[in-house]
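2 protein chains.
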Amino acid sequence: MGAVGISSVKREIRIIGWDDAPFRFGDRKTYIIGTVCRGGSWLDGVISRVIEIDGNDATEKIIGAVNGSPHKKQLRVIMLDGTTFGGFNIVDMDEIHGRTSLPVIAVVRDRPDFDSIRLALSRFKDSDLRWELTKKAGPVRPLGVKNPKTGKIKKIWFQNRGIKSDVAREIIRMSSTRSFIPEPLRMAHLIAHGIGSHE
Amino acid sequence: MGAVGISSVKREIRIIGWDDAPFRFGDRKTYIIGTVCRGGSWLDGVISRVIEIDGNDATEKIIGAVNGSPHKKQLRVIMLDGTTFGGFNIVDMDEIHGRTSLPVIAVVRDRPDFDSIRLALSRFKDSDLRWELTKKAGPVRPLGVKNPKTGKIKKIWFQNRGIKSDVAREIIRMSSTRSFIPEPLRMAHLIAHGIGSHE
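Line by line, the protein sequences are chains A and B. This note's numbering numbers the first residue of the first sequence as 1 and each following residue consecutively. This note's numbering numbers the first residue of the second sequence as 200 and each following residue consecutively.
Because the hints were derived from the structure by calculation, they are not lab data. Among the hints, a few may not be true.
Stated by the list, open to error - Taking lysine-lysine and the DSSO-like style, the derived pairs with C-alpha atoms no more than 30 angstroms apart in a straight line are:
(1) LYS72(A) to LYS345(B)
(2) LYS345(B) to LYS324(B)
(3) LYS228(B) to LYS29(A)
(4) LYS10(A) to LYS345(B)
(5) LYS272(B) to LYS154(A)
(6) LYS271(B) to LYS146(A)
(7) LYS149(A) to LYS271(B)
(8) LYS152(A) to LYS271(B)
(9) LYS351(B) to LYS10(A)
(10) LYS149(A) to LYS228(B)
(11) LYS152(A) to LYS209(B)
(12) LYS73(A) to LYS351(B)
(13) LYS334(B) to LYS73(A)
(14) LYS348(B) to LYS73(A)
(15) LYS272(B) to LYS152(A)
(16) LYS345(B) to LYS73(A)
(17) LYS10(A) to LYS348(B)
(18) LYS353(B) to LYS149(A)
(19) LYS363(B) to LYS146(A)
Claimed, not checked - Partner residues are not named here, just some residues of chain B that face chain A (Cβ under 8 angstroms, in silico):
(20) TRP241
(21) LEU242
(22) VAL245
(23) ILE252
(24) SER315
(25) PRO338
(26) MET373
(27) ARG377
(28) LEU389
(29) GLY393
As the list claims (entries may be wrong) - Quick look at which bits of chain A chain B covers, simulated, 3 or more residues with Cβ under 8 angstroms:
(30) 25-31
(31) 76-86
Even for Gly, the Cβ is constructed at its ideal location relative to N, Cα and C.
The task is simple: from the sequences and hints, build the whole structure.
Following this line, the structure appears as structure tokens:
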């Protein structure tokens, strides 16, 4: 497998990173936040959508938001904080890749426990569909990322669609300028939690 | 007046910048967004509050959010996108400074037109109070800021409380790393417009 030099991935490529806002017991909807960043640095834009908690609309909402964004032409990668948003609103990574024509990389801090996920999905009428989407996201690959503040190495995990694993690894490392996770996801997380916290 | 060297202002001082979200005719409330940043670089946190459009609660909401923030101890400066939020919900800069013990700097791109503001305030029953708050924010001072991308110099304007004008000027310049306005305010603006734009 040919190694991909860091020079091949422009440091300022536009990435949109998605995370969901926290919600309370009884809530039916929550926000998802997309942050448009230049690699691991500047924030260029913020998009929000409302999704149903435990619904099936996260895929459509993300596709619509990305394709309708004024940043679409500059975007090179979609990053996701895992593949489930707002409870078990599971995204279809193939669908997002296919309909945006952009590579999709889902990043998580801890290796997903698929037995627990399958068990949690069993309460849904359409549990087979949700489990299919979970499997469709493909193999979960490890990656060592260095925390730029402490120098410590931490293993994180990712899934990729429409992009080679080696290139995905480089983009994750290059954009993790502030912590163990890429800036677009770190900022989306801060914003999603900040707007979920009022009152 | 003694010149204040750039070295005297730490480049990574924590600043919280506040801006308001757009709203539509008929809305009664809107969001204000506070972004905690290190100087002109990293986003460290996001806070949101809801204020009444044309209300009088922006001062209290900002004070409560700042004093209740886990970042309070690290914060050195409060920045505001002007002194009016959510229509004509005018802040009391003295009150914010006094009750947070932090310097307050309000920054605007264009010199405020006080004749127009006074006229707009005349429709409020408490127009005298709102006009007093507007005047209380003190003299509007000019400042030339260089756009770091284009090198162009633009004149912007600021008001300051609890901090010398010279030091306020340096903090504004130091934190304007990406555009003509300080990063905490640029990011607060992007987030406030992003969350106001859903659906």
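Go through the numbered hints given earlier and state which of them the structure violates, listing their numbers in rising order. 2, 10, 13, 18, 19, 23, 24, 25, 26, 30, 31
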